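Let the sequences and hints guide you as you build the complete structure.
Number of protein chains: 2
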Amino acid sequence: EILAAIKRVLGLSPAAPGPLSGRHALVTSGPTHEPIDPVRYIANRSSGHQGHAIAGALARLGARVTLVSGPTALADPPGTTVVRVTTAREMLAACQQALPADIAVCAAAVADWTVTHPATHKTKKAAGAPPPVLALSPNPDILANLAAAGPQRPALVVGFAAETEEVVAQASAKRLRKGCDWIIANDVSEAGNGGRGTVFASPDNTVHVITAEGVEDWPTLSKDVVAHRLAGRIAATLTDRAAAPCPSPAQKGSLA
Amino acid sequence: EILAAIKRVLGLSPAAPGPLSGRHALVTSGPTHEPIDPVRYIANRSSGHQGHAIAGALARLGARVTLVSGPTALADPPGTTVVRVTTAREMLAACQQALPADIAVCAAAVADWTVTHPATHKTKKAAGAPPPVLALSPNPDILANLAAAGPQRPALVVGFAAETEEVVAQASAKRLRKGCDWIIANDVSEAGNGGRGTVFASPDNTVHVITAEGVEDWPTLSKDVVAHRLAGRIAATLTDRAAAPCPSPAQKGSLA
Numbered sequence: 323e324i325l326a327a328i329k330r331v332l333g334l335s336p337a338a339p340g341p342l343s344g345r346h347a348l349v350t351s352g353p354t355h356e357p358i359d360p361v362r363y364i365a366n367r368s369s370g371h372q373g374h375a376i377a378g379a380l381a382r383l384g385a386r387v388t389l390v391s392g393p394t395a396l397a398d399p400p401g402t403t404v405v406r407v408t409t410a411r412e413m414l415a416a417c418q419q420a421l422p423a424d425i426a427v428c429a430a431a432v433a434d435w436t437v438t439h440p441a442t443h444k445t446k447k448a449a450g451a452p453p454p455v456l457a458l459s460p461n462p463d464i465l466a467n468l469a470a471a472g473p474q475r476p477a478l479v480v481g482f483a484a485e486t487e488e489v490v491a492q493a494s495a496k497r498l499r500k501g502c503d504w505i506i507a508n509d510v511s512e513a514g515n516g517g518r519g520t521v522f523a524s525p526d527n528t529v530h531v532i533t534a535e536g537v538e539d540w541p542t543l544s545k546d547v548v549a550h551r552l553a554g555r556i557a558a559t560l561t562d563r564a565a566a567p568c569p570s571p572a573q574k575g576s577l578a
Numbered sequence: 323e324i325l326a327a328i329k330r331v332l333g334l335s336p337a338a339p340g341p342l343s344g345r346h347a348l349v350t351s352g353p354t355h356e357p358i359d360p361v362r363y364i365a366n367r368s369s370g371h372q373g374h375a376i377a378g379a380l381a382r383l384g385a386r387v388t389l390v391s392g393p394t395a396l397a398d399p400p401g402t403t404v405v406r407v408t409t410a411r412e413m414l415a416a417c418q419q420a421l422p423a424d425i426a427v428c429a430a431a432v433a434d435w436t437v438t439h440p441a442t443h444k445t446k447k448a449a450g451a452p453p454p455v456l457a458l459s460p461n462p463d464i465l466a467n468l469a470a471a472g473p474q475r476p477a478l479v480v481g482f483a484a485e486t487e488e489v490v491a492q493a494s495a496k497r498l499r500k501g502c503d504w505i506i507a508n509d510v511s512e513a514g515n516g517g518r519g520t521v522f523a524s525p526d527n528t529v530h531v532i533t534a535e536g537v538e539d540w541p542t543l544s545k546d547v548v549a550h551r552l553a554g555r556i557a558a559t560l561t562d563r564a565a566a567p568c569p570s571p572a573q574k575g576s577l578a
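From first to last, the protein sequence lines stand for chains A and B. Counting along the first sequence from 1, when you hit position 113 you're at 435 in my numbering, and nothing is skipped either side. Counting along the second sequence from 1, when you hit position 209 you're at 531 in my numbering, and nothing is skipped either side.
Possibly wrong hints are sitting among the right ones.
A pair holds if it fits inside one copy or across any two, identical chains being indistinguishable in the list.
The calculated EDC-like cross-link candidates involving lysine to aspartate or glutamate, where the alpha carbons are at most 20 Å apart (straight line), are [stated by the list, open to error]:
{"hint": "1", "residue 1": "Lys444", "residue 2": "Glu488"}
{"hint": "2", "residue 1": "Lys446", "residue 2": "Asp539"}
{"hint": "3", "residue 1": "Lys444", "residue 2": "Glu535"}
{"hint": "4", "residue 1": "Lys444", "residue 2": "Glu412"}
{"hint": "5", "residue 1": "Lys447", "residue 2": "Glu487"}
Quick caveat, the hints were computed from the structure, so don't treat them as lab data. Quick caveat, the model's predicted, so the values are computed rather than measured.
Right under this line is the structure:
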């Protein structure tokens with residue numbers, strides 16, 4: 323039994339049995355980094371704690387989990403397969419590669435824009451020259467991409483919305499605009515995390531779960547508890563729907 | 323003896339005796355983050371490993387060490403006092419606050435530019451609107467500031483130069499331009515770290531030590547060994563010069 327647990331943690335044997343056994347969950351986590359030149363980049367504030375915790379919680383419920391992560395300082399959650407990426411474009415490619423999936427949870431803080439012309443050499447300060455101006459271009463929208471109708475759309479697509487004002491209204495509009503099933507919204511302003519300081523450096527998170535049925539306001543909880551609750555809600559929803567699991571990679575091959 | 327060591331590590335008693343006993347070293351490390359809005363920022367690639375290792379090595383030689391660090395995932399080096407900052411302006415203020423010092427080692431990757439008008443709310447993508455353009459303004463130059471002649475100039479000011487082309491020539495010019503005593507130069511291009519991959523994620527570093535006397539090419543070494551060698555060279559130089567240590571904070575007060 324101990325050996326089986328060790329094997330499971332090392333990814334050498336199938337996930338633990340649980341309500342998500344036989345399901346494949348795709349989770350994104352962390353920030354993306356968009357290079358300006360070889361030494362500088364634009365980043366989003368995200369520790370990756372919430373996304374990594376969700377990946378771990380889904381694995382504990384029996385799911386096979388692919389975690390596509392931007393740069394973080396975190397250890398790989400036990401029982402997950404981690405794909406490391408840097409930019410938003412790389413993250414989209416890794417997500418598409420990971421399909422099909424039954425569940426997609428897009429917790430990464432993906433850069434909306436990338437630098438149009440990153441420099442191949444370090445940009446130098448020139449005496450008397452004006453500072454550079456950074457021209458930006460839109461990045462692909464990973465959440466909208468995964469939520470778009472099609473044969474590979476996961477049965478449940480969950481997005482995140484980090485807002486600093488009109489949190490629930492902005493996030494509800496985002497749910498409709500992106501075509502995802504649920505949005506987990508949080509207030510990332512200095513005052514927005516139940517008085518616990520900005521969520522980025524905090525172990526706690528104060529979220530609103532926005533679905534087609536309405537808005538649930540969750541109390542301030544540790545990110546681990548938010549992950550555990552969310553994974554349980556995902557499992558309950560998929561069990562209710564009794565949706566057929568997506569084909570495993572082997573089946574996918576035989577269907578091709 | 324064990325208790326004394328524990329106290330030393332906890333900063334509860336004076337530093338270990340050594341060739342730098344009685345000296346105060348100021349070390350900067352890590353990147354700076356320059357906010358674009360509450361969720362986005364411009365960063366420099368830097369793990370902080372080299373700067374933190376230098377701070378630890380100077381403390382082991384007996385120096386009182388103030389480590390001014392940008393955001394990193396690293397533990398505080400034993401025996402140092404760590405001041406955490408985010409932006410280049412905050413780093414400069416913390417360095418000025420830490421003076422006087424006998425030694426300044428500027429290993430941080432400080433942003434040359436900051437965002438001229440950071441947004442107080444999250445900048446939203448608007449359908450059909452063009453991407454934003456980021457206007458940048460120059461940041462203060464911390465190395466040039468510490469190296470400028472004056473009563474508080476440390477006896478030895480050491481800068482770093484991360485270059486992607488003409489490494490030694492660019493770094494030698496930087497030494498003269500900034501007015502510092504030594505420059506530690508490294509090649510941060512993909513091919514520049516002795517074939518070990520870009521230096522940012524590597525435990526190794528391949529540096530050139532540039533002084534008024536010339537250029538020393540060090541072999542590829544672990545960042546810890548680079549730190550140990552550099553601390554030893556700093557101690558030897560200060561002993562040779564037999565410069566008087568800078569006043570301690572208590573003395574500073576009594577002289578005011």
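Hint check results:
Proximity of Lys444 to Glu488 under the C-alpha cut-off of 20 Å is restricted to the inter-copy arrangement: shortest distance 11 Å between copies versus 40 Å within a copy. When the C-alpha separation of Lys446 and Asp539 is checked against a cutoff of 20 Å, the pair qualifies neither within a copy, at 49 Å, nor between copies, at 24 Å. Proximity of Lys444 to Glu535 under the C-alpha cut-off of 20 Å is found in neither arrangement, the shortest distances being 51 Å within a copy and 27 Å between copies. When the C-alpha separation of Lys444 and Glu412 is checked against a cutoff of 20 Å, the pair qualifies neither within a copy, at 22 Å, nor between copies, at 24 Å.
Proximity of Lys447 to Glu487 under the C-alpha cut-off of 20 Å is restricted to the inter-copy arrangement: shortest distance 15 Å between copies versus 37 Å within a copy.
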